[in-house]
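> Now for the letters of each chain:
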Amino acid sequence: MSQLYDVIIVGGGPAGLSAAYSAWENGAKKIIVIERDRELGGILQQCIHNGFGLHHFKEELTGPGYAHKCIELVKDKLEIETLVDTMVLDVQSNKTVIAVNPEKGLLKLEGKTVILTMGCRERTRGAIRIPGERPAGVFTAGAAQRMVNMEGYLPGHKIVILGSGDIGLIMARRMSLEGCKVQACLEICPFSNGLTRNIVQCLNDYDIPLYLSHTIVAIHGEKRVTGITVAKVDERMTPIPGTEFDIECDTVLLSVGLIPENELSRGLDLDMNPLTNGPVVDQHRETSLDGFFAAGNVVHVHDLVDFVSEEAEIAGKYAALKAQGKLSSDNRTVKVSAIDGVRTCVPQKITMPAQIPADEKIKLFMRVAAPHRKVKLVVKSGDNVLLNRPLPVAKPSEMIAVEIPAAKFNLIGEEISVGLVL
Amino acid sequence: MAVETRVMNCIMCPMGCELTVTIEDGNVTNVTGNTCPRGPIYAKNEVTAPKRMLTTTVAIEGGALPLLPVVSADVLPKERILDCACYLRGVKVQAPVKTGDVIVENILDLGVNIIASRDMELHEQ
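Chains as they are written, first to last, in my numbering: chain E, 1 to 422; chain B, 423 to 547.
Pulled out of the complex, with its shape left as it was, chain B reads as follows (with noise of 0.2 Å):
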């Protein structure tokens, strides 16, 4: 049975608490160093299937801004996140928008929504 310790830091919040997790068999079966429940769910993930929040912007026709933040409604597996970000680069929409207002639904099939974060109210010219 192959046991590893691997030290790294909880990325879920500012406090970035490091974490000593040992993994046996690549399966995560302790974890110390954690201040709150998170960190362990964080570890898991990072072992097996490293998952990233995406924050990015679209276009807007029509608002104050040429741009609108927008973010991901939950996390997206980590290696497609580029392909993510790409993908929002020609997404282009209609203001006005209200904070969580849905700007892609699914996006790439995985599962997950993006949405506005901010109001973009339409703008007098």
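Pulled out of the complex, with its shape left as it was, chain E reads as follows (with noise of 0.2 Å):
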């Protein structure tokens, strides 16, 4: 079986479902979302809490809820068809997609255009290098968020949470919501990696103490966990001899970060930034192949959905005018790097046609490297400032997002450079 798409779109979570009717808006006439769950919506089906959608839907909203109003987007639409339980296997750099589906086997599509919205996984305990005896009773926090919200059994009882991202978080208090005990989170990091308003609900609602600058340096137990020892850390994140204590619990919960999922990326040889741990992407989300185009969280990790939702819409756009041979071709490199304190830049380039089409926007997205309060973000290209914008705090776990105003694409040379001044 063999037929071509406008746009095949490789996972059916909330980047590949906005990517899906994005480019469905911009005319693409036959568009496919391949999803390897049971059901579309990704990661925001076991995401119960609320807080989603602010930006997006303009309305609060669950994760369920969020990903329903994604899939009432593309469902019934002729031109957009989904696959779910289906795996992608290969993408080849001719825009082939091999995939395998229980019920219609292998399947091989070919696209003029491919979008990338695999998302992200979390890190595990190999990945960080736990010492320490391995017992039952560790879990990345996302697993048992899966096993707590979704299948229907709890983890443990007596819960410590190792690193205070948000899914780390969201998971104190989950679990204290069904009655077990969480004794503590630690955080290796001066400070928190999760929103401030997660540390407020999740853990000073139900007096749950954090840790910063602290770590495990032991778990104990032999066939399940039964504590841990922690340290307080130094500087360089070092265990301080003599600081030690232990901790009672028989689960440790890991949120220690995500990796953008890119096995598929990798097997087609894109550019890749080693900070985001993602393709290198163009503002129209465009990465260094042509015709594949990349967004959410596979391109940095979010820590709103509203944002992938959006970024996935111009990756859909872009890829429905491409593959309708809509997109200028005579255009010119612009390289964006981040300096002084900003970490991570995407678009890490931007392509600038000679003449610039009246709806383009050129969006920013950026993290800081370590907290900040008071600091101005300075996006400039040679000595011409295109935007001067004061941060009242800056923090590594929120992403700066900014627009360079249309009246100022003429002053872009040939680089542009994002940076704090303090």
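Among the hints, erroneous ones may be present.
With a cut-off of at most 25 Å between alpha-carbon atoms, the simulated DSS-like pairs for lysine-lysine come out as follows [said to hold, decoys possible]:
#	chain 1	residue 1	chain 2	residue 2
1	E	Lys75	E	Lys58
2	E	Lys95	E	Lys326
3	B	Lys473	E	Lys181
4	E	Lys95	E	Lys380
5	E	Lys58	E	Lys95
6	E	Lys335	E	Lys408
7	E	Lys223	E	Lys181
8	E	Lys380	E	Lys361
9	B	Lys466	E	Lys58
10	B	Lys520	E	Lys77
11	E	Lys380	E	Lys326
12	E	Lys158	E	Lys223
13	E	Lys58	B	Lys514
14	E	Lys363	E	Lys335
15	E	Lys158	B	Lys500
16	E	Lys77	E	Lys104
17	E	Lys361	E	Lys112
18	B	Lys520	E	Lys75
19	B	Lys500	E	Lys181
20	E	Lys112	E	Lys326
21	E	Lys58	B	Lys520
22	E	Lys181	E	Lys158
23	E	Lys29	E	Lys158
24	E	Lys77	E	Lys112
Selected chain E positions facing chain B (in silico; Cβ < 7 Å) [stated by the list, open to error]:
#	residue
25	Ile48
26	Asn50
27	Gly152
28	Gln201
29	Leu304
None of these hints come from the bench; they were simulated from the model.
Here the structure is a predicted model, which is why all the values come from computation and not from measurement.
Glycine included, every Cβ here is placed at the ideal spot set by N, Cα and C.
Grab the two chains, each in its own frame, and use the hints to assemble them into the complex.
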């Protein structure tokens, strides 16, 4: 079986669904979304808490509620096909996608464009080398979230959370609501890596202590976790001898970061950014390979799904335009560099057509390297200042988004830099 | 007259604005630092009677999954959140359920309904 799609989308989470809808809105006539889970919606289906959608849908939604809205946008549209229970095995540089489905068997799909929206996965215990025994009872926070919110069992009763990422904080509250005792949340950095609101409503509300600059130095227990040893760390994140203390627990949940899921991108040999762990993209979310786009957590890990949808709509739009041959190829490339306290910036490059279309928007999404108060974010091209935005607070855990005003496009030279001025 | 200044983070949305709240004799008289009108409302509630949304699950029979995620239709008094969660652990419903269906009416007489936050179709075993 072989058919030519305008847009093939790998991953049916919020990024994939938003990209599909936007591609449809922008005139693509044959779109397919491929999802490996048994239903569409991606990880949102297990994120049952609320706080999603305020920017994108202008209402406060739960994760499943947000997924529902995204699914409603694509369903019953003749031009959009969706496949669930389908695993993409390979994406080839000629835009052939090989997938497998239990009913249809091996599928070979051909596209004019491909959008990569595979999302991200959790960093595991192995990836951060926690010493100690190897007993049962150590889970990633997201695995525990799926058990508690979708599958109907509890991973344990007395919990310690390592890492203050948002999923860990959300799970601290979730386990408390299910009658478990959350003993502590430990963070190796001197600052929290989750949203401030989650520190307030997930830890403080339940009197769960947050130990900053602390980490686990040993996990105890033979068959099942019986406790952990914690130590304070110095500025180089090395445990300080003599500061150790024990905490009793039967479960350790890890919330120690997310990694964009880019096995398929690496197979394509796309240019990757070592700091975001995602493909290098331009403002249209096109990667280094012509006709391949990427959006959402596969490009860089977001803290708000609203921004994932926004980014995916950009990818969907330009993939649709490309498939219809409406995207200018007479371009120059402007490099975007993150400097002076800004750790990452997406897009990493801007494709400037000779004639800039009136609806062109250039929005930059960035993360700072360390927390700051009262700083300025300055976007420059050579000596020209494109944007100067005061930030009352800047935290690594909270992504910053700015748009370069269209009136400044003519000041863009060969390079753009994005940095903080203290 | 007792005047107190408290710094708190608004939790109404992921922006998490840092609010500086002036409290005179237990009443909020001034709020700064908010970027939307929800900030002062949050600050006033937080000082006098803190409220929170509740999201949890109830058991469901006949669906593809054993659990149905639910959400409070409005905020609940913070000190009753655990009571409500505990009550909902004993609730069981039958598929099919549609997003927005009322799962528990007026939970614990607090004047707030608990509603389904997703569809759960009847699942053929």
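> Check each numbered hint against the structure and report the violated ones by number, ascending.
4, 5, 11, 13, 23
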